[in-house]
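S.K.: In the order they appear, the protein sequences are chains A and B.
Using my numbering, you'd call the opening residue of the first sequence number 1 and step up by one each time.
Using my numbering, you'd call the opening residue of the second sequence number 1 and step up by one each time.
The set of hints was computed from the structure by calculation and includes no laboratory data.
Here the structure is a predicted model, which is why all the values come from computation and not from measurement.
If you anchor each label on the Cβ, the simulated ranges turn out as follows:
1) ILE175/A / LEU356/B: 36 to 42 Å
2) PHE255/A / ILE184/B: 56 to 62 Å
3) LEU356/B / PRO15/A: 40 to 46 Å
Partial chain B-side listing against chain A, Cβ under 8 Å, derived:
4) PRO109
5) ALA250
6) ALA254
7) MET259
8) GLY260
9) ILE261
10) ARG300
11) GLY304
12) ASP306
The beta-carbon is built from N, C-alpha and C at its ideal position, and this holds for glycine as well.
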Amino acid sequence: MIHARDLTVCLSGRPVLKGLSIGIEAGRLTAIAGPNGSGKSTLLRTLAGELRYDGELSIWGTSLRNQSPAVLALRRGVLPQSSESAFPFTVAEIVGFGLEAGARGRREDAGLHVARALDRVGLSGFAHRNYQELSGGEQQRAQLARVLCQIPEPVAADGTPRLLLLDEPVASLDIRHQLEIMALARDFASKGGAVVAVMHDLNLTALFADDLLLMRDGRLVATGPVREVMTDPVLEKVYGCRLRVNAVPERGVPFVLAQSVA
Amino acid sequence: MTAMDGDLNVGEARRPAEGDWRGAKRFVLPALAVFAVATVLYGATVGASDASLLELIKVLIGIGEPSATFAQDRIILLELRLPRVLMGFLVGVSLAVSGAVMQGLFRNPLADPGLTGVSAGASLGAVLVIILGDTMLGPVTRAMGPFALPLAAFGGGLASTWLLYRIATQGGRTSVAMLLLSGIALAALTGAATGFLIFFADDRELRDLTFWGMGSLAATSWPKLGAAFLVTMPALLVAPFLARGLNALALGEAAAFHMGIRLQQLKTVAIASVAAATGASVALSGGIGFVGIVAPHLVRLALGPDHRRLLPASGLVGGALLVLADSAARTVVAPAELPIGILTAAAGGPFFFWILLKNRARLAV
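With the hints as extra help, turn the sequences into a complete structure.
M.R.: So, in structure tokens, the structure goes:
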């Protein structure tokens, strides 16, 4: 669904992505991992359409350059790393913004959709709370509810798969909410949508992702199904530290144990 | 989170309460509109002269007998008081809406045309016309008639808003410190230019300038009101279309873009409308401060920050506040008159302190 060839992005004159060629499929959860400063978030922002790029990048068979913000908003949602609100909106109002931006538009049953989205992220009782007074993790989940209102179904009525971009979706969450949010992302992909998530936690990645893009210094180091990519030599090369990949006994899911620096 | 049915019932149970509140909020805008009309009528009935609006209306529709002073009262009401009250309303609406739009654009509840130097820029434009209008800019000002002053102020306001935005906003974030400090620098710069112009002004120009600078609605006439109306109307009409964009922008530029907002277009229109509304107000009434910060803040307290309600409600509150302030300015020391700027500053200053105290923690920079 997403095809990039020789994708290069400069931020204030400095190349951050250096000639990436990648393919991302609908129906799969693709994780992007790599050390700090490797260009993960920049890649995600580029896929979101925020940044100028050189090279080719097409989504849904059309160059991303030719897609207007309004049309993009109907097809892809983005969960930012963190999001503050400048004014004391209620949680329900913020989630409602997603509804207005998305394909549903304004509807009579807007309240119901907002309540359902809040429910999915575990914030049922929070509709009338001041967003500014929530904890970081609660804000993150409220934002996810907003994004889920913007692109409610993983596949649009005309059969176009929608794209969900997540920038470190579980960074500020406790372990239970990490699992819940990743399960939501997993569900979006299983129902035919495409999910791309920047991830730091390799074990959660192994548990939920289908594919893994490993980046280092603005380049792609390895890409493919998680179980093939997640091996000691590859991860040691990417992160520059010693670690060991084992498999969870009964399920065969890899898990990573850090050993030592270099 | 998977127990959809059970939790949905909780959602349903909450809805009636929410519905009631939403229903209550629905009546606030019409109520404000009625209140605003009432203040305009009140403003037209009070003043140094006891000319009666009611009597005038009665005579005009043919159910009353004209009194001895009818001819004089009629002139006072129709040529002096009515345009003045309407101008006060227009200026109040413009300042409040520009304040609300600016606060949305800068993502900051303290942005205000007066505090950020936008009014200072607009007044530089106005001073240019007042002082050079007869000499260097003579042909231009004569050709533009009553539009010269508001348009020049619009130009000054536009240049300063644009400059302010370029300086104070970086990567979509505006820091309070940058905003206010750039405002101080802007005000100093335009103040220097204004002072330079005043230095070269002759006596008559100085007198015009002094009257204008005191911030008064006293010199209002129908042509002036018409010109101000034409300059501000596009800005006020476009404001409701900014509401969704400003709402989304509250979550940051990236989030707004993700929700389909054309950022560049939103910013351009917002800056132009702030400049037009502020410019026209400054051109016609000089320095009237704090309306742009007080009105939106009161509305946010009552109705929340949603710009779809905030923009129209702030306009109505700002207009009503200024009509009331002007009525007080005309009557408190009658037959003399207080400059209205003194009143708005005396009421707005403490209000501003209160906002600062309330937001102390969040505003620390």
